[in-house]
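Asker: Sequence:
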Amino acid sequence: MTSTLARPGAKTPRRAWAGLAVLLLPVLLVSMDMSVLYLAMPTLTQSLDPSATQQLWILDIYGFMIAGLLITMGNLGDRIGRRNILLAGATVFGIASALAAFAPSAGVLIAARALMGLGGATLLPSSLALISTLFPEDRSRATAIGVWTAFFAGGSAVGPIIGGVLLHHFWWGSVFLINAPVLLVLLVFGPLLLPEHRASARGPLDWVSVLLSIGGILPIVYAIKRLAAEGFDLPAVGIGIVGALLLTAFVRRQRHLEEPLLDLSLFRRGLFSVAIGSSTVGMLALAGMSYLTSVYLQSVTGRDPLAAALLGIPGAVVVFVFSMSGARIGRVFGTKTTFVLALGLAALGNLMLLGVGVNGGIGWYVAGSVVAGAGFGIAFTLVSEVAVSSVPPERAGSAVGISETSFELGNGLGLALLGSLAALVFRSGGNFGSTLGETVAEAGDDTALIDSARESFVTGMHVATTAGAVLLAAMAAIAFFARTGTPAKEAAVKAASH
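For the sequence shown, the numbering used here assigns the number 137 to the initial residue and increments by one for each residue that follows.
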């Protein structure tokens, strides 16, 4: 194992903080690219004319690819070196971003987004796992994780804002092309400031487990997405069953491997299960809320992308601030209690969107996004801290891969489930097109049809965000009644001794 570690209790060197600054670059980009297309979709739709199904895949495929590959890439980074895989992933991500920026058709854009997902899957687990190498001391590591999470959660929140600014001045492809200079900085300074870290004692990667995990996750997500959008569909059910069988085989295989791809014992450690559930449900609710409100601000209220983006600034700032302070709040109130409070705040913020209407209620949107942002920021910081501290440093990549998979899976499911639920309610409200934008474009001077479509969209948004609030409240209840088990830190020490 190669790494550069500070002595326990020693003052964290400036080089470590400089390394953290470099690690924040890919985190910001990956999280931004989850949400940057929310505001770009209306403009992009006019240029590439994607079908309703293609629109969902343009939004979804990125998160789904990351979700399917994160566990694998976290384990691979533990073996071949986290800095190596970070830099390789950045290169792939940059090439795919350029391809997406100049995509001539919806099909090419979907393929480019899939390739971006492949690169992004290497960036998140390796960057967070390297923090355990750069910051071996508990308090400084917690601070660093808070900063990392602030950029991760803040990047997702600020993505639509940056997208709005770029779309105000440039064409839709600029939201991808901006990745290039940031990745160039990472590729230049990464080798200079980041220590290499690999677990030399670990055996080879079990590629059967890799195929089973990817082959299980992607069909299930696709089936859920199609069933939510189209209703009962025999092919979708069949695909979902195949995915479930592959995932079952994957889990059974992990129980018999000496070095499993997914360490199931983690879910018996402290609040790890609560953390994973919170990140999945939290990102599901946040993604659905962000996407639907972005469409609302443009297609219902008539704002341009920049004006819509400016209204998202208060929520983005709150997410960033509370992500930075989440670890401190957790130390004051306890991790379990803080999870309950954070999820409760997020649920309340989603419910506040019920005050938003076709002809007013922007204040409710701003207030709801601020309250929810505080809850999301705190919860996501705790998830990252629990994941990193649950295992010894040599297994940090695989543990982080699990937590980041839950984030990405939640993001994809938020668009698939809540987005599809809103679309289902919207279409049931009248003889509309497949989307609000398509309906408005085809309505011409039929103001009655446009007003009815906008009203129906708002109703769908209310149903979807309320569903998100219910899921968040249910997760808060689960966290409240959960048994804490072995504390994460104590479990890490025991695992290291073995």
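Keep in mind the hints are simulated off the structure, nothing from the lab. Warning: the hint list may mix true and false statements.
[As the list claims (entries may be wrong)] Label pairs and their computed distance ranges (CB to CB):
1) 384 <-> 341: 29 to 35 Å
2) 183 <-> 453: 57 to 63 Å
3) 183 <-> 443: 19 to 25 Å
4) 569 <-> 377: 30 to 36 Å
5) 313 <-> 564: 16 to 22 Å
6) 401 <-> 446: 45 to 51 Å
Glycine included, each C-beta is placed from N, C-alpha and C at the ideal position.
Asker: For a quick check of understanding: which of the numbered hints are violated here, in increasing order?
Answerer: 1, 2, 5
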